[in-house]
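Asker: Sequence:
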Amino acid sequence: MAVPAVRIASSRLPIASDDIKVGVGIVIVAAAICALVLVADQWWGVDHYQLVRDPNAIANNPNYFGLVSNLGIVLWIAGAVGALQAFAALRHTQEKAFSGLLLAGGCFAAVMGLDDLLMLHESIAATGIPEILVLGPHAILLAATCYRAWLLQGRTPWLLLVACVAAFGCSMVVDVVPVEFAGQVFIEESFKLLGIMFLTAYLVITSQKALRSVPQDGFRQTSLEDR
1 MAVPAVRIAS SRLPIASDDI KVGVGIVIVA AAICALVLVA DQWWGVDHYQ
51 LVRDPNAIAN NPNYFGLVSN LGIVLWIAGA VGALQAFAAL RHTQEKAFSG
101 LLLAGGCFAA VMGLDDLLML HESIAATGIP EILVLGPHAI LLAATCYRAW
151 LLQGRTPWLL LVACVAAFGC SMVVDVVPVE FAGQVFIEES FKLLGIMFLT
201 AYLVITSQKA LRSVPQDGFR QTSLEDR
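Just so we're aligned: 131 in the numbering used here is position 131 of the sequence shown, and the numbers increase by one with no gaps anywhere.
Treat the hints as calculated values from the structure; they're not laboratory data.
Each residue gets a CB set at the ideal place from its N, CA and C atoms; glycine is no exception.
Incorrect hints may appear among the rest.
[Said to hold, decoys possible] Per label pair, the in silico range of CB-to-CB distance:
#1 L114 to E189: 10 to 20 Å
#2 K209 to V185: 35 to 45 Å
#3 W150 to L114: 23 to 33 Å
#4 S213 to N60: 46 to 56 Å
#5 V162 to V74: 20 to 30 Å
#6 F181 to L117: 21 to 31 Å
#7 Y147 to E180: 33 to 43 Å
#8 I26 to V74: 13 to 23 Å
Using the sequences and the accompanying hints, generate a full structural model.
Answerer: This is how it looks when you write it as structure tokens:
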């Protein structure tokens, strides 16, 4: 028995030019990173193996080494991505009230996350530059975040931000205490992790509130205009 032929209408899968640009950009960035790894290997004597593997795997350390620090980095970046993504989404809408807060908070979280990941302020401080100067940009971004939150007059979960600042303050106080005592690092890092968690929760909740404050047709109209 002959099987009847099924006629399928030919259709083209639309490919947005922006998607192609993003894809090409990703390939270029990835190629540049790989090229820098090879340059470091050949010119500066840094074995590429040390740049592409996990630090604990290279040093044969247990997997739990730096666990809390790594968790803090993940939380920093999560808060930064949430805030900056919301800022980008609101950029072409009528809702401008949250923009400054999302930008300042997202940049602060991103800078702190990269600082912890690459241990920037420790490396710079080792050169003799006073730590207060190294941490200056961090303090400015945090102050800008608090100022922008204050301007919104309670439209954000401000208690979380207050708790975040208090936790960071306690961490710094423990860090600068001139007398060392048992458990000092543990207490300092515990307050720091608490502050990171408060900040991440604050940024995520604020991002959701900012996006929900825009009428549903606001995003649709924006997307149609962009096309």
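Asker: Each hint needs a verdict: does it hold in this structure or not?
Answerer: Now for the hints, and whether the structure bears them out:
{"no.": "1", "hint": "L114 to E189: 10 to 20 Å", "result": "holds, 18 Å"}
{"no.": "2", "hint": "K209 to V185: 35 to 45 Å", "result": "holds, 36 Å"}
{"no.": "3", "hint": "W150 to L114: 23 to 33 Å", "result": "holds, 26 Å"}
{"no.": "4", "hint": "S213 to N60: 46 to 56 Å", "result": "holds, 51 Å"}
{"no.": "5", "hint": "V162 to V74: 20 to 30 Å", "result": "holds, 24 Å"}
{"no.": "6", "hint": "F181 to L117: 21 to 31 Å", "result": "holds, 29 Å"}
{"no.": "7", "hint": "Y147 to E180: 33 to 43 Å", "result": "holds, 35 Å"}
{"no.": "8", "hint": "I26 to V74: 13 to 23 Å", "result": "holds, 22 Å"}
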